[in-house]
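K.L.:
For reference, the chains in residue letters:
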Amino acid sequence: MKIITCIKQVPASTSVDIDPETGVLIRDGNNVKLNPYDLYALEASFQIRDLSVSGKVEAVSMGPSSATRALEEAIAMGADEATLVSDRHFAGADVLATAYTLSQLILHLGKYDIVVCGKQTTDGDTAQVGPEIAEFLAIPHVPYVSEIIAIGTDSLKVMSSFDDHDEIVEVAFPCLITIDKGHLVPRLPSYKRKLAYGNHPIKIVTLRDLADSEVSHYGLNGSPTQVEAIFPPEKRTDSILIRGKAKEVAEALKKILQTNKYI
Amino acid sequence: MGYIHINQGKVTGEIAAELTRICPFDAFEYTKGILSINAACKMCRLCVKKGPFGVCEFREEPVQKIDKTKYRGIAVYIENNKGVAHPVAWELVGKARELSKKTGEPVYALLIGDKLQTLAEAAIAYGADKVFVYEDEAFGNFNVEIHTNVVEAFNKRHHPNIILFGGTAQGRSFAPRVAARLKTGLTADCTALDIRPDGDLLQIRPAFGGNIMAKIHTPNHRPQLATIRYKIFSAPELTEGAGQIIREDTANIETTTNLNLVAVRDKPKTLDISDSEVIVAVGRAFKKQKDLELIRPLVERLHAEVACTRPLVENGWFDPRRQIGLSGRTVKPKLIITLGISGAIQFVEGMKDSDLIISVNQDPACKLFQISHYAIVGDIYEVLPELNRLLDQIL
Numbered sequence: 001m002k003i004i005t006c007i008k009q010v011p012a013s014t015s016v017d018i019d020p021e022t023g024v025l026i027r028d029g030n031n032v033k034l035n036p037y038d039l040y041a042l043e044a045s046f047q048i049r050d051l052s053v054s055g056k057v058e059a060v061s062m063g064p065s066s067a068t069r070a071l072e073e074a075i076a077m078g079a080d081e082a083t084l085v086s087d088r089h090f091a092g093a094d095v096l097a098t099a100y101t102l103s104q105l106i107l108h109l110g111k112y113d114i115v116v117c118g119k120q121t122t123d124g125d126t127a128q129v130g131p132e133i134a135e136f137l138a139i140p141h142v143p144y145v146s147e148i149i150a151i152g153t154d155s156l157k158v159m160s161s162f163d164d165h166d167e168i169v170e171v172a173f174p175c176l177i178t179i180d181k182g183h184l185v186p187r188l189p190s191y192k193r194k195l196a197y198g199n200h201p202i203k204i205v206t207l208r209d210l211a212d213s214e215v216s217h218y219g220l221n222g223s224p225t226q227v228e229a230i231f232p233p234e235k236r237t238d239s240i241l242i243r244g245k246a247k248e249v250a251e252a253l254k255k256i257l258q259t260n261k262y263i
Numbered sequence: 001m002g003y004i005h006i007n008q009g010k011v012t013g014e015i016a017a018e019l020t021r022i023c024p025f026d027a028f029e030y031t032k033g034i035l036s037i038n039a040a041c042k043m044c045r046l047c048v049k050k051g052p053f054g055v056c057e058f059r060e061e062p063v064q065k066i067d068k069t070k071y072r073g074i075a076v077y078i079e080n081n082k083g084v085a086h087p088v089a090w091e092l093v094g095k096a097r098e099l100s101k102k103t104g105e106p107v108y109a110l111l112i113g114d115k116l117q118t119l120a121e122a123a124i125a126y127g128a129d130k131v132f133v134y135e136d137e138a139f140g141n142f143n144v145e146i147h148t149n150v151v152e153a154f155n156k157r158h159h160p161n162i163i164l165f166g167g168t169a170q171g172r173s174f175a176p177r178v179a180a181r182l183k184t185g186l187t188a189d190c191t192a193l194d195i196r197p198d199g200d201l202l203q204i205r206p207a208f209g210g211n212i213m214a215k216i217h218t219p220n221h222r223p224q225l226a227t228i229r230y231k232i233f234s235a236p237e238l239t240e241g242a243g244q245i246i247r248e249d250t251a252n253i254e255t256t257t258n259l260n261l262v263a264v265r266d267k268p269k270t271l272d273i274s275d276s277e278v279i280v281a282v283g284r285a286f287k288k289q290k291d292l293e294l295i296r297p298l299v300e301r302l303h304a305e306v307a308c309t310r311p312l313v314e315n316g317w318f319d320p321r322r323q324i325g326l327s328g329r330t331v332k333p334k335l336i337i338t339l340g341i342s343g344a345i346q347f348v349e350g351m352k353d354s355d356l357i358i359s360v361n362q363d364p365a366c367k368l369f370q371i372s373h374y375a376i377v378g379d380i381y382e383v384l385p386e387l388n389r390l391l392d393q394i395l
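As you go down the protein sequences, you meet chains B and E in turn. Per this note's numbering, the first sequence starts with residue 1, numbered consecutively. Per this note's numbering, the second sequence starts with residue 1, numbered consecutively.
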């Protein structure tokens, strides 16, 4: 069984700001990490593999060449193989172009049974890429999977977790699932596996390698949505700042609650 | 459409360093005297606007423009389960009405399911000009494959300009499927919407994973799709609707599926913080779960509900249903007291419309203070015990 797990490198910190005067984005360092939701996607992938006969997990990612670090982490956790799809023509890709690129990569990698994605990323927070990949691959998807119940020869039974209910769904291969954390506990990267990087070179795929290598289908040109402007969030001008010793500010808080008749 | 062209002739080591500093996405690579842009580029074009003059240049490429006049109508997908609509659907109908006043387009309600007459009438009462009803036994339970086929059929027949979806768990799985089917753009979790006279939808949402808002548009694709969370907009007043109910032919819609819904299990009902009037929200400043005891006197005194930020859900202290933010719940209580929350934008966007916001945080520069009515600088571990003592003295 071949399992493809889509992962993404995201900024380690969310403290990106706009300088209100110059309009320049200021990022607090360029530290990156593996999207936390992808840890659960990887764990679910390993569990499916370990329950199946001769399963293999291939981690894939789209990004600049520095994103190989995220793939190395996936290998250290237990992925069998890893591939990065990277090309300067992917710059400025929105959700549609990103999902299309990843679907082209998946097709390029050959036959597969299950694609696994994290529920969402912590930088875009859209949760859209998984379902869009599934549509481009013309396969069914099940969102918010919190438990793998059973693995059959040609289908998977999973628990899909919604706000007020759970659904038990049987889905035929090939399929895509997005993983909610549920009771999954991601395994830690292993030092031994890290040492074995040499045996797991990360493959790099570029636009030229893909079945559809038409430049205009990727990156900014393949993106229907465009960011027209960026601006800092609204501020309140009548905000009252209260400072002082703990006792004084607690007193002030009590007064505010009393004035507004909450106590 | 276009790309960023680098005039290599003007690039020096110094200029490369400056551009690297300006780029918030670390997308410049400078090797062997050649400066290039990698896939990390988000096309924010700050290198063009703020970089050394003439080095980076945005070059437009001509594209064939679509005829926007051919697409009319602001459609709202009415999410429903066994004859009951999710309230976000009516909020979106209300917003669609507002937008339609600027362009003179009709408001459409798109209803998919079984036994929909009552819902169709409700859609009219909420202000839809036309309700397109796709009724079939096969549509009784939501199925993302089949429902996508229905929206495809609707789009092919009626060419709407916009389709809005509620940002519910279902909507967030369904809308992207539709977007990829129709090969169009989709903006998730918009916090504001506006429209231009030519019908271009302006979609406002936090972006780039930071404290930044972006105005997003879909200049050359139709329909334009967006999801909006529950409680971002208000429900419209009911009207003496004069709309029209149109029953669509469903005979040619493909209903085979690879998804088999085996069972549905309702989760135990828990309180929905979206409807709470008083909320005490806690954040990462609480170092141990046990320390949450500190808020108990305040919570009891105010009869408040307790809510939290995302990290506290991630470390298992709270049920996800108590999380405020774009990836949790949107709340608009009469009073919210935030304790030890610095205010990541996805949190702020989920509570900024509350009537009275009081925040306690150690850092006077924290983001949450900028939208708080009262910003109290202090360490929760010092302020809360003092406050509890004061509350104790009040009978």
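Just so you know, the hints here were simulated from the structure itself, not pulled from any lab data. Please read all numbers here as calculations on a predicted model, not as lab measurements. Among the hints, erroneous ones may be present.
As the list claims (entries may be wrong) - Reference listing, derived: stretches of chain B covered by chain E, where coverage requires no fewer than 3 residues with Cβ under 8 Å from a Cβ of chain E:
no., stretch
1, 35–45
2, 51–65
3, 71–79
4, 162–176
5, 200–209
Unchecked claim - As a list, the in silico DMTMM-like pairs of lysine to aspartate or glutamate whose alpha-carbon atoms are at most 20 Å apart:
no., chain 1, residue 1, chain 2, residue 2
6, B, Lys-33, E, Glu-293
7, B, Lys-247, E, Glu-137
8, E, Lys-332, B, Asp-209
9, E, Lys-82, E, Asp-26
10, E, Lys-267, B, Glu-147
11, B, Lys-235, E, Glu-314
We put the CB at the ideal spot given by N, CA and C, even for glycine.
K.L.:
Taking the hints in turn, state whether each one holds.
P.N.:
Verification of the supplied hints:
A stretch counts as covered by a chain when three or more of its residues have a beta carbon under 8 Å from one of that chain; for the stretch 35–45 of chain B and chain E the count is 1, and the coverage is violated. Remark: the stretch 51–65 of chain B is confirmed as covered by chain E, as 4 of its residues place a Cβ nearer than 8 Å to a Cβ of that chain, reaching the required three. With 0 residues bearing a CB less than 8 Å from a CB of chain E, the stretch 71–79 of chain B misses the requirement of three and the coverage assertion fails. Look at the stretch 162–176 of chain B against chain E: 12 of its residues bring a Cβ nearer than 8 Å to a Cβ of that chain, three or more, so the hint holds.
Counting residues of the stretch 200–209 of chain B whose C-beta lies closer than 8 Å to any C-beta of chain E gives 0; at least three are required, and the coverage claim is violated. Under the criterion of a C-alpha separation no larger than 20 Å, the hint pairing Lys-33(B) with Glu-293(E) is inconsistent with the structure, at around 33 Å. Taken as a hint, the Lys-247(B) and Glu-137(E) pair is broken in the structure, with Cα atoms around 65 Å apart against an allowance of 20 Å. Among the hinted pairs, Lys-332(E) with Asp-209(B) is inconsistent with the structure: their alpha-carbon atoms are about 50 Å apart, more than 20 Å.
Between the alpha carbons of Lys-82(E) and Asp-26(E) the distance comes to roughly 49 Å, so the proposed pair goes past 20 Å and is violated. Between Lys-267(E) and Glu-147(B), the direct Cα distance comes to roughly 15 Å. Compliance with the 20 Å bound is thereby established for this hinted pair. For the given pair, Lys-235(B) sits about 28 Å from Glu-314(E) by alpha-carbon distance, which is inconsistent with the 20 Å threshold.
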